[in-house]
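Visitor: Position chain B against the provided structure of chain A, taking the given hints into account.
Protein chains: 2
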Amino acid sequence: MLEAFFEPTSVAVIGASTDPDKLGHAVLKNLVDGGYADRGQVYPINPTATEILGYPAYPSVLEVPDPIDLAVVVIPYKFVPAVLRECGEKDTPAVIVISAGFREAGREGLERELELVDIAREYDIRLIGPNCLGVIDTFTPLNASFSAGTPPAGPMGFMSQSGALGTAILDWAQAGRLGLSKFISLGNKADVTEIDLLEVMVEDVDTRVILMYIEELANGQAFIETARRAARQKPVVAIKSGVTQSGARAVSSHTGSLAGSEQAYQAGFRQASVLRAESMESLFDMALAFGYQPLLQGNRIAIITNAGGPGILATDALEHAGMSLSRFEVETIHELEQRLPDAASAANPVDVLGDARADRYRFALEAVAGDPNVDGIMVVLTPQAMTEIEATAGAVVALASKTDKPVLACFMGEAQVEAGIDILTESGVPNYPFPERAARAFQAMADYRTARARPEPEFVEFDVDRPAVQDVFDGVRSEGRVTIGDAEARAILVAYDMQIPKSELAETPKQAVEVAREIGYPVVLKIASPDILHKTDVGGVKVGLQNAEDVRDAFELMTYRAQRYLPDARLWGCLVQEMVPSGGLEVLVGMNRDPQFGPLVTFGLGGIYVETLKDVTFRIAPFSPEEAEAMLDEIRARALLDGVRGEPPADKEAIVDALLRIGQLVQDFPEIVELDINPLVVYPENQGAIAIDMRLVLTQETEPGDSK
Amino acid sequence: MLEAFFEPTSVAVIGASTDPDKLGHAVLKNLVDGGYADRGQVYPINPTATEILGYPAYPSVLEVPDPIDLAVVVIPYKFVPAVLRECGEKDTPAVIVISAGFREAGREGLERELELVDIAREYDIRLIGPNCLGVIDTFTPLNASFSAGTPPAGPMGFMSQSGALGTAILDWAQAGRLGLSKFISLGNKADVTEIDLLEVMVEDVDTRVILMYIEELANGQAFIETARRAARQKPVVAIKSGVTQSGARAVSSHTGSLAGSEQAYQAGFRQASVLRAESMESLFDMALAFGYQPLLQGNRIAIITNAGGPGILATDALEHAGMSLSRFEVETIHELEQRLPDAASAANPVDVLGDARADRYRFALEAVAGDPNVDGIMVVLTPQAMTEIEATAGAVVALASKTDKPVLACFMGEAQVEAGIDILTESGVPNYPFPERAARAFQAMADYRTARARPEPEFVEFDVDRPAVQDVFDGVRSEGRVTIGDAEARAILVAYDMQIPKSELAETPKQAVEVAREIGYPVVLKIASPDILHKTDVGGVKVGLQNAEDVRDAFELMTYRAQRYLPDARLWGCLVQEMVPSGGLEVLVGMNRDPQFGPLVTFGLGGIYVETLKDVTFRIAPFSPEEAEAMLDEIRARALLDGVRGEPPADKEAIVDALLRIGQLVQDFPEIVELDINPLVVYPENQGAIAIDMRLVLTQETEPGDSK
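Each protein sequence line maps, in turn, to chains A and B. Counting in the working numbering, the first sequence runs from -4 upward without gaps. Counting in the working numbering, the second sequence runs from -4 upward without gaps.
If we strip away everything but chain A, and leave its shape as in the complex, we get (with noise of 0.2 angstroms):
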């Protein structure tokens, strides 16, 4: 659907320029020295000049006797409406709009850029931008854009929110760094987004990696899906930039003062398996090793190096990256030794020692590529005073193109090595300055493989009773509440299946012993108040009452209290509830709702750990039953989950239930904005969790529809 932007059968340039110095010039100039004249049909559109670069001008599309497939927009914003139309009654299907003055200009601009947006839907348009720097399809031909000069082909797709770091990737690319297969600029995203673009991407024969920089994303869920299909076929590598702060809005839950957009993105992007690079060289160096090499089918690295000191420096970055050494076969190891010099090392690290010309370096590459315990090799080599630089590049190259492990090199040092680097860039063996980078390009190598062999999410749907928790939400709402807490909470926790310590509302002292009574002596008393959410803090809960004057003074004293403090708090009485059994261990289930991504569950350790170390993990609903384990290991304080001083493992099962569980309840109602269970006891294994006490908060204003 969108393949108009990238193989149009005709392009119209409008706001064509015969000026030089003019961005409508520079369009129309990229399309004709960037190959696409000699394809496809061209048309400068001006309203006075009657050719342009050697092509007939219209003074409008319309004018045009054929279809126009593609149209490039580059006028000033105030005109770009009409000629939109123009292009709908022509039944332009692509336009790029390169003018800027819309979203990025306020809330006028906003208005226009909402005006084109309406006028696209209603002539069934698909518009890139507007205020972008364009499109590149380096296999058409077709360089729709205003860059300076054309990148060479390659394997990689780009896809930037940002022109101007467009401008500096496009730099890098002609200078030789990376070879693209489609660029494009996306400008202010008013119609194509990201996800559209990881559509077309995927299915593209010529992109081998997808690359993405992103500074913000419309529809976080919808991202999640279509890259997570993606990067089944293909590594999708992003830079996120601008973490937005939550900004002023009041935070009232754990799981709120913990969860920002920074987490938001860093559970979307691997809830979609989408590597995140660090920086943009990090970016780049990833994207060169999946755009040129085979992927790495394991994480046993073997190492080849003509220098102890940089061989040791790889090696720390290896084992800092998490990949491990490759440990040879009995064979590889005789054999090196037999080929190599007395003092050189043959197990791994391989040290061909100083004085190694090429034949050296050959022989060693062929040794380890055969090794069924490499899985890839990294070729170091320092300018020595007998190395052979460019017949050493020579053998590596040789010997990447028969292996299907991939081969990174890492030649250190500038004047010397350039014809090496040279030799290896062209053949498609990335070159790294330092051995610390291309361990973190094969570390993400690893990454993806990883990521890859994650089984594809299967969503659990638990039988609930839903019209329970309507009823509490509309009761809460009757009452102009949006906060819930208490026998509230406790239902709609019954709803949806999870333990709760047994316990009933007392409206008096009398009441309290009567109920104590029942549920059986330990008791625990909490002040029950719709305008109470932080009990502990106004002395509204006492625990291990043993009898009935403990509870008839408890609950006097309490009720006095928050008569005193806080007289304004409508007082239901108090909640008796069971004391549950001692030796669980407190954790926190919670959500938080992002505006990207929506709802954020919350998982960590409870009491200081999340207070103090905020020792939590992130996910977005919904996630499989393997996301939710996943979750449980990735807690800092994990091995008190596994039992430690003696302590019996605890029931993993339980939290994962709780947490596919509130995952469910929070999609079902997207009125629920946040929401804490704190603390569930969760005991030894096949023993089960309690959720001792839940707090929800609903959207301020009901919206019809918001829940199934």
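Heads up, some of the hints might be wrong.
For identical chains, the list gives no copy identity; a pair is met inside one copy or between any two copies.
[As the list claims (entries may be wrong)] Cross-link-like lysine to aspartate or glutamate pairs, in silico, EDC-like; alpha carbons within 20 angstroms at most: (1) Lys647 x Asp280; (2) Lys17 x Glu383; (3) Lys85 x Asp61; (4) Lys609 x Glu276; (5) Lys609 x Glu629; (6) Lys609 x Asp628; (7) Lys530 x Glu642; (8) Lys537 x Glu642; (9) Lys85 x Asp417; (10) Lys530 x Asp64; (11) Lys497 x Glu456.
Rather than coming from a laboratory, the hints here were simulated on the basis of the structure.
Guide: Frame of chain A; chain B shown alone:
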């Protein structure tokens, strides 16, 4: 004392060769081509040749009619001792041994190396190497190495334990990436070490930043002291590779299992104020900033950019690095608003927009450089249609030359920005291809500022009872033991004035009851045996004993169990101990002796924080009270020390006191190889701390003179 290595009046090349393929020829040629021959005398030494490269050759240094200040030895290893003696007889003060075949070649090689050291000592010769690349001083100029060519002069002093890495570094330097003042390949460090060279470089006016590649330090304590003094004068940046495993040594304490060589280097570098580079790339990035720009005086950075995306990346990276963005004065913002276009951002990061020419950059640079809230400036440029790349580079260079604030550039791209980058580099404004790398360079500058602002450490010495400790050790030794706990450990704690619980040994149940009455109930009973270090593991500890019956029962049960399960253990009876007040926080104070750095003192919270979360920090003794305080701030769970959930703050002074006293103890007695106080129970502020239990391990054999 080492001047002869860098500014010799005459140089002999022993092993100078007429064969251009020989290293002995390369060294002589470098001396000549590097410019030394114009300044001092050059003497080729060769048994047969009469002249080499136009210089008269001599069969031996003894035949040279004039004195020889520096000799460079490039002959097979077996002849090296003899010529070293000849140098001694010639009164040559400095010798560089390039020849290999020593320590690195195994046991026989090590013996040869020790022979060299003996000869050097005998004749008062200082020796660099063996097994090295040589020495370069670009300002003398002297190139006494077999490097390929001579690097340009510049502000960086580099010493490397790896010759091969050295060759790569020289190649980068020759490609114009950096300029060197001195370059020393250390080789096997038989005599001259990093410590000697730190002293040379700190006095060297041509060296502005000291760079080190370290694989291993022989004397960590001397390194800390020398490097700390050096770092007061100029930045010292090191990359440390090859973290060695502690290996097969049995570890019997928590501290031992937590503290490895990596932890010792980390602590040592921090105490030495040495900045540690994570990678070679980062070493060079830091070196460029320190070498060519003034020091940073605060951590508030201004960013000027012509593109939003890279501006955001730069902001993210600075914040991630713990720096802050400058908040401009109102006047600065007004000035910027008046001179920049409406759509530009006058706040930080300053966005001069994509169509900015050099004048707009120039104006913005001057405005922010004049703002008192700006400590450093990052200039980001992407090559866009209107961008004047070279003129903008000129504006950056002009500003940098008149401000005393560091200016770092980030001109992104490659082919298009190349000429601009050359202008920057030639005038000493470092350029980084990506904003994240410029941000990390600023971070290193801020780290250096912080390190240099730390006061000179003042070590305290407590008045303690050393003879009492010596008595305990003597007693333990006389029984052939090396482990110490219980009463013996308590005697040590008392000798070093640390608080311990009241306690007394009881040999019988009856005696235990008497002691308990004296101490006052409740009490703790612990099995007392020199052979049982981990008492809880054998049920050898009972707490909370309330009365005589409890004490009697516990005594009999514990001795029965010990006799039954550990029939060979010597039993002294049981220790009756005061139950220390509840409400304390358990912390660990420990020590493990590192082979390079000596006593490595550990601090962390007790229990699962140490065992599971490994949340601990380290210092090499001696350390100052300020360093001990800093340790308390370095653990992740530090908030617990300040009191969370309504707990009062802990007595931090008492912890600092304990750390300092233990630091003194392990310095006073080098025969202590491991030590754990676990737990030290810390009470609220001003209420002190009690050491509940201590275990020590001594060296296997008494070495006379080990203790003071």
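Visitor: A separate judgement is required for each hint: does it hold in the structure or not?
Guide: Each hint, compared with the structure:
1. Lys647 x Asp280: neither (39 angstroms within a copy, 46 angstroms between copies)
2. Lys17 x Glu383: Cα proximity of Lys17 and Glu383: across copies only (16 angstroms, versus 50 angstroms in one copy).
3. Lys85 x Asp61: For Lys85 and Asp61, only the intra-copy Cα distance (9 angstroms) is at most 20 angstroms; the inter-copy one is 95 angstroms.
4. Lys609 x Glu276: neither (30 angstroms within a copy, 32 angstroms between copies)
5. Lys609 x Glu629: This pair counts as both: shortest intra-copy Cα distance 13 angstroms, inter-copy 16 angstroms.
6. Lys609 x Asp628: The answer is both: 15 angstroms in one copy and 16 angstroms across copies each meet 20 angstroms.
7. Lys530 x Glu642: between (30 angstroms within a copy, 18 angstroms between copies)
8. Lys537 x Glu642: between (27 angstroms within a copy, 18 angstroms between copies)
9. Lys85 x Asp417: neither (49 angstroms within a copy, 51 angstroms between copies)
10. Lys530 x Asp64: Classified as neither: same-chain Cα gap 66 angstroms, cross-chain 83 angstroms, threshold 20 angstroms.
11. Lys497 x Glu456: Intra 26 angstroms, inter 61 angstroms, cutoff 20 angstroms: neither.
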